[in-house]
Amino acid sequence: MRDYIIRRLLSLIPILIGVSIAIFIIMQLIPGDVVSGILGIEETPELRAMWEAKLGLDKPLVQQYFSWIGKALTGNFGESFRTGAPVFPEIMIRFKISAELAILACVIAWIIALPLGILSSLKRNSVIDRIVRVVALLGVSVPNFASATLLILFFSKAFHYYTPVKYVGLFENFGTNMEIMLLPAFILGSVMAGSVMRMTRSSMLEVLRQDYIKAVRAKGAPERVTIFRHAFKNSSIPIVTLIGMQIGGLMGGTVVIEQIFSIPGLGQYVLTGISQRDFPVVQGCVLFIAFLYVIINLLVDILYTYIDPRITYS
Amino acid sequence: MKLLKTNRPVKNRALPGNESLLRQLWNDPMGRAGMIGVGIVILMAIFAPWIARYDVAKMHAKDKLISPCAAYWFGTDNFGRDVFSRIVYGARVSLVVGIVAVGIAAGFGYLFGMIAGFFEGRTETVIMMVMDVIFAFPSILLALFIVAALGPSIVNTMIAIGIVNIPVFARTVRASVKTVKSTDYSANARSIGLKKMKILFKHVTPNVMAPFTVQATLALSGAILTEASMSFLGLGIQPPNPSWGSMLSDARKFMERAPWLVIFPALFIIMTILSFNILGDALRDVLDPKLKL
Amino acid sequence: MKKLFALALALVMALSLLSGAMAEENVLRYGVDADAAGGFDPHTISAVASMRMIGQMYNTLVDVDENLNVIPELATSWEQPDDTTYIFHLADNVTFHSGRRMTAEDVKYSFERILDPAVGALGNSSSYVGDIDTVEAVDELTVKITLKNINAPFLANLSSSYCSIVDKDVVEANDGSLLLADGGTGPYTLGEWVPDNHVTVNAYADYFDEAGKASFDAIEFYVMTDASARLAALRTGAVDLIVADTAMLDLVEGDDSIQVVSYQSRNYTGLFLNVNRAPFDNPLVRQAVNLALDREEIIEFAFNGKATVSGFVPASLGHWAVDVTENEYYTQNIEKAKQLLAEAGYPNGFETNIIVGLLDSIRDTGLVVEQQLSEIGIKVNVQDVERGQYLDAWNGHDFDIMVCQNGAGSDPSRAVAFFFKTGSSANIQDYSNARVDELCELAVATSDAAVREEYYKEAINIILDDCIVAIVASPQEYFLASPALQGFAPNASNANNFAGVTLAK
Numbered sequence: 001m002r003d004y005i006i007r008r009l010l011s012l013i014p015i016l017i018g019v020s021i022a023i024f025i026i027m028q029l030i031p032g033d034v035v036s037g038i039l040g041i042e043e044t045p046e047l048r049a050m051w052e053a054k055l056g057l058d059k060p061l062v063q064q065y066f067s068w069i070g071k072a073l074t075g076n077f078g079e080s081f082r083t084g085a086p087v088f089p090e091i092m093i094r095f096k097i098s099a100e101l102a103i104l105a106c107v108i109a110w111i112i113a114l115p116l117g118i119l120s121s122l123k124r125n126s127v128i129d130r131i132v133r134v135v136a137l138l139g140v141s142v143p144n145f146a147s148a149t150l151l152i153l154f155f156s157k158a159f160h161y162y163t164p165v166k167y168v169g170l171f172e173n174f175g176t177n178m179e180i181m182l183l184p185a186f187i188l189g190s191v192m193a194g195s196v197m198r199m200t201r202s203s204m205l206e207v208l209r210q211d212y213i214k215a216v217r218a219k220g221a222p223e224r225v226t227i228f229r230h231a232f233k234n235s236s237i238p239i240v241t242l243i244g245m246q247i248g249g250l251m252g253g254t255v256v257i258e259q260i261f262s263i264p265g266l267g268q269y270v271l272t273g274i275s276q277r278d279f280p281v282v283q284g285c286v287l288f289i290a291f292l293y294v295i296i297n298l299l300v301d302i303l304y305t306y307i308d309p310r311i312t313y314s
Numbered sequence: 001m002k003l004l005k006t007n008r009p010v011k012n013r014a015l016p017g018n019e020s021l022l023r024q025l026w027n028d029p030m031g032r033a034g035m036i037g038v039g040i041v042i043l044m045a046i047f048a049p050w051i052a053r054y055d056v057a058k059m060h061a062k063d064k065l066i067s068p069c070a071a072y073w074f075g076t077d078n079f080g081r082d083v084f085s086r087i088v089y090g091a092r093v094s095l096v097v098g099i100v101a102v103g104i105a106a107g108f109g110y111l112f113g114m115i116a117g118f119f120e121g122r123t124e125t126v127i128m129m130v131m132d133v134i135f136a137f138p139s140i141l142l143a144l145f146i147v148a149a150l151g152p153s154i155v156n157t158m159i160a161i162g163i164v165n166i167p168v169f170a171r172t173v174r175a176s177v178k179t180v181k182s183t184d185y186s187a188n189a190r191s192i193g194l195k196k197m198k199i200l201f202k203h204v205t206p207n208v209m210a211p212f213t214v215q216a217t218l219a220l221s222g223a224i225l226t227e228a229s230m231s232f233l234g235l236g237i238q239p240p241n242p243s244w245g246s247m248l249s250d251a252r253k254f255m256e257r258a259p260w261l262v263i264f265p266a267l268f269i270i271m272t273i274l275s276f277n278i279l280g281d282a283l284r285d286v287l288d289p290k291l292k293l
Numbered sequence: 001m002k003k004l005f006a007l008a009l010a011l012v013m014a015l016s017l018l019s020g021a022m023a024e025e026n027v028l029r030y031g032v033d034a035d036a037a038g039g040f041d042p043h044t045i046s047a048v049a050s051m052r053m054i055g056q057m058y059n060t061l062v063d064v065d066e067n068l069n070v071i072p073e074l075a076t077s078w079e080q081p082d083d084t085t086y087i088f089h090l091a092d093n094v095t096f097h098s099g100r101r102m103t104a105e106d107v108k109y110s111f112e113r114i115l116d117p118a119v120g121a122l123g124n125s126s127s128y129v130g131d132i133d134t135v136e137a138v139d140e141l142t143v144k145i146t147l148k149n150i151n152a153p154f155l156a157n158l159s160s161s162y163c164s165i166v167d168k169d170v171v172e173a174n175d176g177s178l179l180l181a182d183g184g185t186g187p188y189t190l191g192e193w194v195p196d197n198h199v200t201v202n203a204y205a206d207y208f209d210e211a212g213k214a215s216f217d218a219i220e221f222y223v224m225t226d227a228s229a230r231l232a233a234l235r236t237g238a239v240d241l242i243v244a245d246t247a248m249l250d251l252v253e254g255d256d257s258i259q260v261v262s263y264q265s266r267n268y269t270g271l272f273l274n275v276n277r278a279p280f281d282n283p284l285v286r287q288a289v290n291l292a293l294d295r296e297e298i299i300e301f302a303f304n305g306k307a308t309v310s311g312f313v314p315a316s317l318g319h320w321a322v323d324v325t326e327n328e329y330y331t332q333n334i335e336k337a338k339q340l341l342a343e344a345g346y347p348n349g350f351e352t353n354i355i356v357g358l359l360d361s362i363r364d365t366g367l368v369v370e371q372q373l374s375e376i377g378i379k380v381n382v383q384d385v386e387r388g389q390y391l392d393a394w395n396g397h398d399f400d401i402m403v404c405q406n407g408a409g410s411d412p413s414r415a416v417a418f419f420f421k422t423g424s425s426a427n428i429q430d431y432s433n434a435r436v437d438e439l440c441e442l443a444v445a446t447s448d449a450a451v452r453e454e455y456y457k458e459a460i461n462i463i464l465d466d467c468i469v470a471i472v473a474s475p476q477e478y479f480l481a482s483p484a485l486q487g488f489a490p491n492a493s494n495a496n497n498f499a500g501v502t503l504a505k
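Chains as they are written, first to last, in our numbering: chain A, 1 to 314; chain B, 1 to 293; chain C, 1 to 505.
Bound-form chain A, shown alone (with noise of 0.2 Å):
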């Protein structure tokens, strides 16, 4: 087992390599510079040289390279190209908030879709299965910006209520905290419930198939026995794999609910550093994120062992 996991470890070296040069090449592929987003409309040529030059950006591509990754070995992603302020401790801040905005979402998700999907299973074909199918996949039809505009639209006007505009942290002031994320933690665990549902109704079909299932029932163990400690406990193997990649989906990509709730989170400081062309913060999110991605799917082999013992690894 350990050995695995430093194999898996290992494995990530290579992505992240690639992802640097990718994105390396992205960002000079992209119309527009930092420069121009810093100079707009006072852009003159005396000054975009002056700039380049202070940036650095006035070096030959494979030297402005080799000197990020450079200091990206050292544990340092470097300096926002517009603030100057150092992007790792910005992306551990927004991290934070995005991950807990994730979580939240998945708890959403799950507290709605595992018993639909369960008694959805249970009641297949029947009315119940598809009037719970089509609900769940309400949440999933709605583009989320426009729930998210009807929401604030319907709680202002109907209850002469708004989100608390000023962000304070989960340690800070729990309750304020869970106020601000609730809304839009509900807005994308609505739309994640729909693949959970579907997901949970589908091996729970399989398992219930099986034959140790007909036999624990044959034995004439409780129906409630029967289906949580067999069928849902042996079904959660695909269920778990759709949170982790759920959960690594939403590290920026939450980034539409974030702007429309004015959330510090990852998916803006991405977006951000896009528009504005910040080469060491959309390198920084981005190797983040998919080192983020790598981590959570091994967490999720390892919780494999866990639900099936008899799933090893060499």
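Calculated directly from the structure, the hints in this document are not laboratory data. Where hints are given, some of them may not hold.
Restricting the straight-line Cα-Cα distance to at most 25 Å, the calculated cross-link-like pairs of lysine to any residue (SDA-like) are [said to hold, decoys possible]:
1. A:K157 <-> B:A61
2. A:K166 <-> A:A85
3. B:K178 <-> A:K166
4. A:K54 <-> C:K306
5. A:K54 <-> C:R387
6. B:K178 <-> A:L242
7. A:K166 <-> C:V170
8. C:K379 <-> B:A61
9. A:K96 <-> C:G237
10. B:K64 <-> C:G237
11. A:K166 <-> C:A499
12. B:K62 <-> C:K168
13. C:K379 <-> B:N156
14. C:K168 <-> A:E79
15. C:K336 <-> B:A61
16. C:K306 <-> B:P239
17. B:K64 <-> C:E370
18. B:K64 <-> C:K306
19. A:K54 <-> C:V170
20. A:K157 <-> C:G237
21. B:K62 <-> C:I334
22. B:K58 <-> C:A499
Chain A is fixed; fit chains B and C onto it per the hints.
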């Protein structure tokens, strides 16, 4: 037939004759609902010029933000443009974006999955690593990145959404290739080179069709939503061409003043995505109930 | 499940009401449409969104009032012994936020920083203070500035935030950058910046000018890029003031719980034609484009009716402006336009591209223009591009038609010379007219206002007759506020002036 239990790929069952497939779908109430929904959207897209009542870009200065009425069935927007006509043409844009994007994703996914599964070893590691890298990136951000690099246009939007969706298809195909490889057919016919490849193609393709079709219906709805989110972030398709996503995004400012601007595009997006999803579910049940997607 | 969620929400809402009732601080909460971009260094930040905070944190030697008169700020008075020499007498009670007294040395340092090539300051060009030859601290409170050549609008240029006076100690303590530091003398100090959420500025108790003193304990700028979120926040009392979108105005009409505040901007929106590219190198085509436009209709669609027909020197520039409504190309005439196109050799029109971006009003203008030009047979492809591409088209002068919204500044040296003089950085059309160049040079080199006005008016009329641009309108800017906000009177010279503004709670 629904309880067929085997890990071996089943020859010629994954793709039954088209006629019987459609009939099976039609007999399932969910499948029927999905087929009707998808049918309506496709018909709308095809016959848009005959259904639409006005030019989609035509502005009527005196008829700004009019609520639904006899002259404008779905009302007008802030430029006095007919919402009904824009919805009808929007079906075209949204569908084309979805279909082409999924086509790109499925095509390249098939190719990469085949190569990876066939050659194994280093080739597979590299290809799957690239797929992992693409997959690791939140799809909306990656699509934004690509469109920012290529410049916003309908073609580039399709390319971007297509690229984002390649890994899912590649993984599906690779898994199928591996299953086929481990079975008797290929073991029996284990000759070398092209011949082997021919066998693979012959056996993998039918087996991969089922997960592929289902995946495609799901990816299609995902593509329509991604396009909508990109419009929201200012990198959608080019005006004055309407897509449902861009209509919805533009309408947010007017949600309170003119709710019909939001309601109709939203309704059609919901209907389309619901239909495709339901159809996908039904297809899966018909094609291969064991599929987990 | 939904019930549970509703219950939880109701609970947190009740909690928030309790905590809301306890808050009794004198804070202005201001919902803005964009986050500060890059930070708050007054010398290197060009983003309008950052200016909102920079304006509270820094002062300049002089200011410009609503009617474009230069008025005292850090300098209480000034004299001009000759055309290229300015002597400023500084207020004697100005302190930086560090508490240190501001002296002539600091003014000298600030201009040296602006002129230092390594800093890359935006004011280091002749449209600001790039013409400075020497800055001398005559005594503790007297500064003498000499210019290399006569620059008539120099005094007005000094009112730009690019010419803010900064604290040398703070600059040096922060490795030469003020992006995330506060080295100002203004009524508010930089509090905290949580990017993508809010910026807080706190009152500075020792501000030198009683009248300009902070009337709030703090101003909190909340970043709400989504217009409907801003309106919802204002309606529910989460913020006291928001930057409005013209589409919102219909919703708050007749609503007593919301007050509308507005001012006429000195910006203008319009079409810039690429005069070096066929077919726009042909004056007849440019005239036809101008004649094809129904500017009132564009205003109705793109600005919800809240703008006035304008040229590139808007009426808000007072006596400098030329009344464009009398211009023959400002009244739509489709027949004449078609005829001109035919004369130019395009009887069936042609196809061209129009670049739009950055703002909704720019994009919407492009969309209406597309329709209007199709009336005379010109097929326009609208290219709604992302910010970086828009700036690339601007800087690379790479476009057929580009819709821009520009600021006319406070002097025609900006409105005319900056955009239309040969070789000027903002002359994105590469327009070149010898007489216009000559007039611009003459106008900068004389300090007689009446003569300058004559020069500029001649230049303006040449450019108008050349039809190289098709300017549409000068927008009205709007804010929405709670009725409790009193004394907020923004103007085009200072849109975020909170001196004397109060919240009657």
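Hints and how they fare:
For the hint linking K157 (chain A) to A61 (chain B), the alpha-carbon distance of about 31 Å lies beyond 25 Å, and the restraint is violated. Between K166 (chain A) and A85 (chain A) the CA atoms are separated by roughly 22 Å; this keeps the pair inside 25 Å, and the hint holds. A hinted pair counts as satisfied when its Cα atoms are at most 25 Å apart, and K178 (chain B) with K166 (chain A) does not qualify at roughly 53 Å. Taking the CA atoms of K54 (chain A) and K306 (chain C), the gap is about 42 Å. The hint is violated against a cut of 25 Å.
For the hint linking K54 (chain A) to R387 (chain C), the alpha-carbon distance of about 23 Å falls within 25 Å, and the restraint holds. Between K178 (chain B) and L242 (chain A) the CA atoms are separated by roughly 22 Å; this keeps the pair inside 25 Å, and the hint holds. At most 25 Å may separate the alpha-carbon atoms for a hinted pair to count; K166 (chain A) and V170 (chain C) exceed this at roughly 28 Å. Between the alpha carbons of K379 (chain C) and A61 (chain B) the distance comes to roughly 20 Å, so the proposed pair stays at or under 25 Å and holds.
Annotation: proposed proximity of K96 (chain A) to G237 (chain C) is violated, straight-line Cα distance about 29 Å (limit 25 Å). Using a Cα cut-off of 25 Å, the hinted pair K64 (chain B) and G237 (chain C) is violated, with the two alpha carbons roughly 31 Å apart. Simply put, K166 (chain A) and A499 (chain C) have alpha-carbon atoms about 24 Å apart, close enough for the 25 Å limit, and the pair holds. Restraint check for K62 (chain B) and K168 (chain C): the C-alpha separation of about 59 Å exceeds 25 Å, so the hint is violated.
Proximity of K379 (chain C) to N156 (chain B) is assessed by CA-CA distance (about 22 Å); at most 25 Å being required, the pair is judged to hold. The suggested pairing of K168 (chain C) with E79 (chain A) holds, with an alpha-carbon distance near 23 Å, which does not exceed 25 Å. In summary, the hint linking K336 (chain C) to A61 (chain B) is supported, as the alpha carbons are separated by about 22 Å, within the 25 Å threshold. The hinted pair formed by K306 (chain C) and P239 (chain B) meets the criterion: a straight-line CA distance of about 23 Å does not exceed 25 Å.
Pair hint K64 (chain B) plus E370 (chain C) holds up; C-alpha atoms about 18 Å apart against a cutoff of 25 Å. A distance of roughly 15 Å separates the Cα atoms of K64 (chain B) and K306 (chain C); the hinted pair therefore holds under the 25 Å criterion. For the hint pairing K54 (chain A) with V170 (chain C), the CA-to-CA distance comes to about 20 Å; that is within 25 Å, so the pair holds. About 12 Å separates the Cα atoms of K157 (chain A) and G237 (chain C), which keeps this hinted pair within 25 Å; it holds.
Pair hint K62 (chain B) plus I334 (chain C) holds up; C-alpha atoms about 19 Å apart against a cutoff of 25 Å. Using a Cα cut-off of 25 Å, the hinted pair K58 (chain B) and A499 (chain C) is violated, with the two alpha carbons roughly 47 Å apart.
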